[in-house]
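Enquirer: Single-letter residue listing:
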Amino acid sequence: MRDKYALTRRSASRLLPLVAPPVAAAAKEGVVPASFLEQDRAYFQAYSHVGIHEEMIKDRARTDAYRDAIMFHADFIRDKVVMDVGCGTGILSIFCAFAGARKVYAVDASDIAVQAKEVVKANRLSDVITVLHGRVEDLNINEKVDVIVSEWMGYMLLYESMLGSVIYARDRWLKTGGLMLPSFATLYMAPVTNAEKYSECIDFWRSVYGIDMSAMLPLAKQHSFEEPCIENIAAESVLSWPIVIKQINCKTITIAELESVKADFSVSSIMTAPLHGFALWFDVSFGTRVTQQTDLQSETSLGRSLAVDHDGVEICRSKKRAKPSDCIVLSTAPDSTPTHWAQTLLYVYDPIEVKQDQEISGSIELSQSKENPRFMNIFLKYRSGTRECVKESVMR
Amino acid sequence: MAASMRPPPEIDSDEEESGDWEEWQAGGPEEAEEEEAAQCLFCSDELPSSKAVFQHCAEAHSFDFLKLRADAGLDFYDTLRLINFIRSKVAENKSWSAEASLELQESLREQAGLSVDTKQKGTASSSVPAWKDDKFLTPVLENDPLLYGFDDEGEDDDVEEMNAVDRNAALRELLEDKSNSAASTSTGLEVLAETGTRNDLADLTKVFLSLGDDIREELASPLDVPMTADVAAESSSNSSLQDDGAPDLIAVEVDEELSVKSSNGTEPELPKKKGKKDLKVTFAEVAKREARNVNKDYFGSYSAFGIHREMLSDKVRTDAYRDALVANPSLLKNAVVMDVGCGTGILSLFAAQAGASKVIAVDGSSKMAAVATEISKANGFLKDTSSPESSSKGVMTVLSGMIEELDETMPVEVHGVDVLVSEWMGYCLLFESMLPSVLHARDRWLKPGGAILPDTAEMFVAGFGKGGTSLSFWENVYGFNMKSVGEEVVRDATQAPIIDVVDSKDVITTSALIQAFDLATMKADDTDFTSQFKLELLPSSRDTSKESTNEATKLDVVWCYGLVVWFDTGFTERFCKDKPVLLSTSPHTPRTHWSQTILTFKEPIALCAHDASSEKMDKGKVGSEGCPASAITGRISIARSHRHRSIDISLETSAVSPSNAIRTWPVQMFDI
Numbered sequence: 001m002r003d004k005y006a007l008t009r010r011s012a013s014r015l016l017p018l019v020a021p022p023v024a025a026a027a028k029e030g031v032v033p034a035s036f037l038e039q040d041r042a043y044f045q046a047y048s049h050v051g052i053h054e055e056m057i058k059d060r061a062r063t064d065a066y067r068d069a070i071m072f073h074a075d076f077i078r079d080k081v082v083m084d085v086g087c088g089t090g091i092l093s094i095f096c097a098f099a100g101a102r103k104v105y106a107v108d109a110s111d112i113a114v115q116a117k118e119v120v121k122a123n124r125l126s127d128v129i130t131v132l133h134g135r136v137e138d139l140n141i142n143e144k145v146d147v148i149v150s151e152w153m154g155y156m157l158l159y160e161s162m163l164g165s166v167i168y169a170r171d172r173w174l175k176t177g178g179l180m181l182p183s184f185a186t187l188y189m190a191p192v193t194n195a196e197k198y199s200e201c202i203d204f205w206r207s208v209y210g211i212d213m214s215a216m217l218p219l220a221k222q223h224s225f226e227e228p229c230i231e232n233i234a235a236e237s238v239l240s241w242p243i244v245i246k247q248i249n250c251k252t253i254t255i256a257e258l259e260s261v262k263a264d265f266s267v268s269s270i271m272t273a274p275l276h277g278f279a280l281w282f283d284v285s286f287g288t289r290v291t292q293q294t295d296l297q298s299e300t301s302l303g304r305s306l307a308v309d310h311d312g313v314e315i316c317r318s319k320k321r322a323k324p325s326d327c328i329v330l331s332t333a334p335d336s337t338p339t340h341w342a343q344t345l346l347y348v349y350d351p352i353e354v355k356q357d358q359e360i361s362g363s364i365e366l367s368q369s370k371e372n373p374r375f376m377n378i379f380l381k382y383r384s385g386t387r388e389c390v391k392e393s394v395m396r
Numbered sequence: 001m002a003a004s005m006r007p008p009p010e011i012d013s014d015e016e017e018s019g020d021w022e023e024w025q026a027g028g029p030e031e032a033e034e035e036e037a038a039q040c041l042f043c044s045d046e047l048p049s050s051k052a053v054f055q056h057c058a059e060a061h062s063f064d065f066l067k068l069r070a071d072a073g074l075d076f077y078d079t080l081r082l083i084n085f086i087r088s089k090v091a092e093n094k095s096w097s098a099e100a101s102l103e104l105q106e107s108l109r110e111q112a113g114l115s116v117d118t119k120q121k122g123t124a125s126s127s128v129p130a131w132k133d134d135k136f137l138t139p140v141l142e143n144d145p146l147l148y149g150f151d152d153e154g155e156d157d158d159v160e161e162m163n164a165v166d167r168n169a170a171l172r173e174l175l176e177d178k179s180n181s182a183a184s185t186s187t188g189l190e191v192l193a194e195t196g197t198r199n200d201l202a203d204l205t206k207v208f209l210s211l212g213d214d215i216r217e218e219l220a221s222p223l224d225v226p227m228t229a230d231v232a233a234e235s236s237s238n239s240s241l242q243d244d245g246a247p248d249l250i251a252v253e254v255d256e257e258l259s260v261k262s263s264n265g266t267e268p269e270l271p272k273k274k275g276k277k278d279l280k281v282t283f284a285e286v287a288k289r290e291a292r293n294v295n296k297d298y299f300g301s302y303s304a305f306g307i308h309r310e311m312l313s314d315k316v317r318t319d320a321y322r323d324a325l326v327a328n329p330s331l332l333k334n335a336v337v338m339d340v341g342c343g344t345g346i347l348s349l350f351a352a353q354a355g356a357s358k359v360i361a362v363d364g365s366s367k368m369a370a371v372a373t374e375i376s377k378a379n380g381f382l383k384d385t386s387s388p389e390s391s392s393k394g395v396m397t398v399l400s401g402m403i404e405e406l407d408e409t410m411p412v413e414v415h416g417v418d419v420l421v422s423e424w425m426g427y428c429l430l431f432e433s434m435l436p437s438v439l440h441a442r443d444r445w446l447k448p449g450g451a452i453l454p455d456t457a458e459m460f461v462a463g464f465g466k467g468g469t470s471l472s473f474w475e476n477v478y479g480f481n482m483k484s485v486g487e488e489v490v491r492d493a494t495q496a497p498i499i500d501v502v503d504s505k506d507v508i509t510t511s512a513l514i515q516a517f518d519l520a521t522m523k524a525d526d527t528d529f530t531s532q533f534k535l536e537l538l539p540s541s542r543d544t545s546k547e548s549t550n551e552a553t554k555l556d557v558v559w560c561y562g563l564v565v566w567f568d569t570g571f572t573e574r575f576c577k578d579k580p581v582l583l584s585t586s587p588h589t590p591r592t593h594w595s596q597t598i599l600t601f602k603e604p605i606a607l608c609a610h611d612a613s614s615e616k617m618d619k620g621k622v623g624s625e626g627c628p629a630s631a632i633t634g635r636i637s638i639a640r641s642h643r644h645r646s647i648d649i650s651l652e653t654s655a656v657s658p659s660n661a662i663r664t665w666p667v668q669m670f671d672i
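Going line by line, the protein sequences match chains A and B.
Counted the way UniProt numbering counts, the first sequence spans residues 1 to 396.
Counted the way UniProt numbering counts, the second sequence spans residues 1 to 672.
Take these hints with a grain of salt, some might be off.
Claimed, not checked - Restricting the straight-line Cα-Cα distance to at most 20 Å, the calculated cross-link-like pairs of lysine to any residue (SDA-like) are: (1) A/K221 x B/N481; (2) B/K358 x B/S400; (3) A/K121 x B/S472; (4) B/K619 x B/A661; (5) A/K58 x B/L471; (6) B/K367 x A/P218; (7) B/K483 x A/E118; (8) B/K377 x A/P218; (9) A/K381 x A/E392; (10) A/K58 x B/S472; (11) A/K121 x B/N481.
For the record, the hints were derived by calculation from the structure and aren't laboratory data.
All chains, full assembly: derive it from the sequences and hints.
Expert: Dropping the structure here:
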């Protein structure tokens with residue numbers, strides 16, 4: 001029996017087998033050529049459940065941003081060849097067809113591709129859009145493409161993301177000077193206070209119908225805070241300027257860069273409040289970077305990697321200033337329209353009381369799990385005042 | 001979802017007739033280990049043991065099964081498939097000759113080269129050999145000793161021990177499947193012979209006539225295996241008649257011959273029976289083990305924190321129990337109360353608050369029992385075991401374990417409980433329900449005439465309209481038509497029930513009671529039931545849904561997309577004299593964590609109101625737009641599944657036209 005709402009993007013991954021074959025190793029040795037690995041199969045099967053697609057399409061912030069971005073680039077897209085990596089129900093491909101694309105290759109490995117074909121047919125776009133049911137890595141397309149569009153972002157940007165497939169498609173088919181949509185992605189983190197959630201999780205048990213159930217507290221804490229939570233947090237709960245953890249230029253990023261992402265941080269709290277944890281979110285932008293940014297920081301500069309932090313903060317501040325006409329941004333920040341990605345919250349077991357302007361520092365590392373490459377290990381070190389803690393968790 | 005759990009009675013004792021118990025016990029393990037005669041894979045020779053059969057296959061048929069198996073690295077299931085594959089091919093004589101067996105051997109050797117790879121990929125290989133089909137997991141010969149006999153040698157003990165569990169569990173399941181669907185899997189001669197109806201015999205005759213001469217001869221040989229003796233007997237008569245080529249006649253003759261055979265057929269029966277007995281010894285154990293494993297998962301999941309939070313936060317549920325317990329002092333005052341599946345213990349604490357003199361809380365999860373103990377202590381309700389009379393408030397005892405196994409530690413006499421309370425209800429009332437444990441507790445511990453809370457449970461169905469589906473959403477997505485996706489969603493839903501809330505306004509028909517349980521008297525078997533229902537369009541739904549495009553008739557047609565199932569449980573005035581309470585999970589009452597259960601039709605049914613039925617409308621099939629139905633009738637069956645704690649639902653629906661024409665759709669099975 002299936003709960004209609006139980007199958008969200010996140011829980012899709014929970015359908016994956018827990019013990020997975022060593023994908024990378026097997027693939028390198030060429031032992032498993034064209035056929036799916038079990039794990040992939042489960043992943044794609046999960047995505048063939050329509051519930052997920054309903055959730056994603058109903059996420060207007062997401063779908064609107066893509067539609068706007070595609071229409072914004074209609075001049076570039078007109079009469080060009082587009083590839084939609086992970087097309088789902090095919091909606092982005094249809095947007096591209098409406099923007100005047102000559103040809104759209106819509107690729108999806110999950111069974112939803114069957115529906116995408118029907119949808120394309122029902123909207124009489126079969127002559128423009130070709131739906132291909134299979135993994136991008138197994139495709140044979142004999143022409144280069146001008147545009148790659150993909151909605152590849154996962155929770156925390158990188159969890160279960162399809163970016164690897166997008167990179168593969170880019171390296172194999174994108175023309176020089178082609179367009180990547182989205183073009184840039186940035187992952188942020190900020191310390192947060194969330195008294196409401198804390199009390200909802202903890203204080204609930206102090207009186208249930210007048211009965212003291214504090215005995216449930218250890219379980220409650222473990223259940224509520226052990227694993228990352230996907231939830232929307234109010235902008236007022238954010239304790240500092242966001243920290244940039246990773247910036248991605250979709251035209252140049254490599255898979256190796258994504259294996260482990262690490263950042264140190266040091267921010268000061270803008271208010272006096274208990275620190276309950278850290279929130280992670282991302283934004284992606286479509287097309288050329290905001291002009292003043294490119295002026296400030298040459299993209300090709302060798303000093304780029306050193307300047308990343310500065311650059312990132314700039315992006316995040318200028319985002320608010322950027323007019324939609326400059327650059328279309330899909331943001332999943334706490335102060336943006338809520339999306340199905342919400343924010344990813346890493347709660348600490350015991351809150352730290354921080355004063356205004358008190359420093360909160362530490363480091364965070366996100367890396368692919370050895371247990372299952374689709375899992376993500378999160379290693380967070382944080383200190384404030386006299387307290388210094390480490391929190392390790394796995395996003396399954 | 002029921003609060004916390006108790007196991008049902010062991011499923012083995014549940015499912016098997018009690019007479020067999022003695023057989024199992026009398027049989028004992030020695031007999032089970034006795035070597036059993038088995039039939040050769042290729043010919044009808046019977047050999048004293050599985051080992052001998054494999055040896056014979058190697059010598060007489062150049063088919064060294066054990067070596068091939070080892071070389072190809074076949075696992076347990078593959079081996080089962082292979083044995084059944086060969087048996088079915090030999091039975092069908094599709095391509096079973098020496099060459100075919102060579103081909104198979106070839107393919108197995110090929111696999112041997114790749115066996116490491118295969119293991120890694122699981123079933124991912126692109127070219128799957130025919131014998132790999134899961135249908136070959138179903139035994140072709142009933143009680144085929146070869147299926148147990150293939151790894152008598154070679155493997156080291158550890159591995160074997162481990163495999164034994166899997167293997168037996170798997171075999172049990174497979175055999176169960178087989179007995180459920182013997183008719184549909186009648187590829188093997190033996191199955192046909194056993195079912196023994198005229199039709200089957202006609203088929204059998206055909207199958208037999210298609211057999212190659214050599215095999216026919218072999219089947220006819222006097223050394224035949226007892227199990228196939230019937231077939232063999234026929235075969236001789238058939239071969240003599242074959243030239244006449246009158247299949248009907250043959251069928252009749254065979255029928256007669258067979259009936260004679262089976263009436264004197266005590267001789268062949270004997271060895272078969274013994275085989276069955278052996279199996280049952282194994283299966284009884286396996287069933288027990290399986291039940292335990294499933295229970296382990298079950299109780300494991302109920303220790304999960306989130307569920308308790310969800311249930312306690314379900315105000316409708318918790319309020320109903322609180323009212324039933326706290327607002328009925330004449331029932332609870334000084335009563336001895338038992339709470340089956342206590343979870344956090346909240347119901348027990350309500351009972352203690354209400355003045356019970358003794359509360360026994362039981363939970364199958366030791367973790368939850370520990371939590372309940374803590375909680376009752378923190379609230380001053382835990383009985384102080386060191387000095388029993390010390391605290392007037394301490395009335396509660398928490399026990400961890402299966403209610404069926406707690407006789408020793410139960411601090412109350414048999415039939416010493418005044419009030420038995422439990423929140424046992426699962427989705428669709430019966431899915432994952434712990435009702436059997438509650439009934440066990442009732443029969444063993446409740447006083448005659450004692451109260452059971454809740455004491456009634458009723459199940460209802462009603463039809464829902466388009467709003468109960470996601471079709472409307474998919475019809476217009478950003479201006480694009482994605483109808484096909486919506487249809488796919490609906491197609492999915494025709495096989496698996498969906499647990500979701502149906503809005504009251506989407507219920508478009510009257511509702512019908514499909515089952516009423518009286519908890520005070522019902523038996524566990526009563527949960528398997530079949531019920532008829534009749535549903536008519538609600539007058540109100542005509543005004544709200546204007547979906548008709550039928551200009552000619554100007555009738556408001558409303559489409560019914562499926563049935564919503566829900567339940568009510570009652571704490572009636574039979575026991576709750578001060579304040580009866582009804583806990584309803586209906587679409588018309590505030591939602592609960594049970595939501596409703598949605599069964600979607602394969603095809604929506606058009607309905608119109610009864611008063612419009614005077615107009616003659618018969619342009620098309622009943623239930624279509626041209627001829628909307630005035631009522632939906634049907635039959636719903638709910639039965640415990642062979643999977644522990646699960647249920648199967650089957651649904652047959654008919655549309656009835658105003659002129660009483662009826663159109664019936666094929667039965668839908670909902671797999672949970």
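Enquirer: The structure should be examined with respect to each hint, and the outcome stated for every one.
Expert: Against the structure, the hints come out as follows:
Proximity of A/K221 to B/N481 is assessed by CA-CA distance (about 46 Å); at most 20 Å being required, the pair is judged violated. Note on B/K358 and B/S400: the hinted pairing holds, with a Cα-Cα distance of about 17 Å set against a maximum of 20 Å. At roughly 19 Å between alpha-carbon atoms, A/K121 and B/S472 fall within 20 Å of each other, so this suggested pair holds. A C-alpha spacing of about 12 Å is found between B/K619 and B/A661, which places the hinted pair at or below 20 Å, so the restraint holds.
Annotation: proposed proximity of A/K58 to B/L471 holds, straight-line Cα distance about 14 Å (limit 20 Å). Between B/K367 and A/P218 the CA atoms are separated by roughly 12 Å; this keeps the pair inside 20 Å, and the hint holds. A C-alpha spacing of about 9 Å is found between B/K483 and A/E118, which places the hinted pair at or below 20 Å, so the restraint holds. Between B/K377 and A/P218, the direct Cα distance comes to roughly 16 Å. Compliance with the 20 Å bound is thereby established for this hinted pair.
Under the criterion of a C-alpha separation no larger than 20 Å, the hint pairing A/K381 with A/E392 is consistent with the structure, at around 9 Å. Among the hinted pairs, A/K58 with B/S472 is consistent with the structure: their alpha-carbon atoms are about 13 Å apart, no more than 20 Å. Between the alpha carbons of A/K121 and B/N481 the distance comes to roughly 10 Å, so the proposed pair stays at or under 20 Å and holds.
Against the hints set out earlier in the document, a violation occurs for number 1 only.
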